[in-house]
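Chemist: Position one of the sequence shown corresponds to residue 41 (our numbering), numbered consecutively onward.
Derived from the structure by calculation, the hints contain no laboratory data.
Bear in mind the structure is a predicted one, so any value in this text is a computation, not a measurement.
Be a bit skeptical, because a hint or two may be false.
[What the hints assert, rightly or not] Pairs of lysine to aspartate or glutamate, EDC-like flavour, derived with a Cα cap of 20 Å: (1) K142 with D131; (2) K65 with E46; (3) K129 with E62.
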Amino acid sequence: MAPIIEIASLPQLNRILEEAAESKKLAILDFYSTTCRPCKAIAPSYETFAEKYKNIVFLKCDIGAAEPVADEYGITTVPAFMFLKNEIKVDQVHGAGEISVKALETAIQKHGTGN
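Take these sequences, add in the hints, and give me the full structure.
Modeler: Right, dumping it as structure tokens:
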């Protein structure tokens with residue numbers, strides 16, 4: 041399985057986003073909560089995408105453990121997926137149903153650079 045990096049702080053996230061920008065890679069940040077059932081339901085799909093799209097940096101952030109990160113991006117509901125290119129938000133997907141999974145993959149294909 042491709043690694044999904046757990047974000048614990050803003051400095052850590054900023055460093056990873058800088059590295060992704062230097063490598064011309066899309067970064068996707070999954071905001072979740074450990075008590076959120078929809079977050080748990082969509083997690084396997086996110087893991088599958090991380091395995092499939094190895095040229096994309098997949099991140100996840102527990103909004104309870106890393107609240108300043110969620111605050112920085114204005115996250116108030118989870119699950120929320122933030123797409124960042126060159127350290128700038130280019131897209132966002134909310135929710136965990138089948139429609140959200142399809143929207144997530146569509147956004148990956150739109151903003152990513154292929155496999």
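Chemist: With reference to the structure, classify each hint as holding or not holding.
Modeler: Against the structure, the hints come out as follows:
1. Proximity of K142 to D131 is assessed by CA-CA distance (about 14 Å); at most 20 Å being required, the pair is judged to hold.
2. Between K65 and E46, the direct Cα distance comes to roughly 18 Å. Compliance with the 20 Å bound is thereby established for this hinted pair.
3. Straight-line distance between C-alpha atoms of K129 and E62 comes to about 16 Å, which keeps the hinted pair within the 20 Å bound.
In terms of the numbered hints stated before, the structure departs from none.
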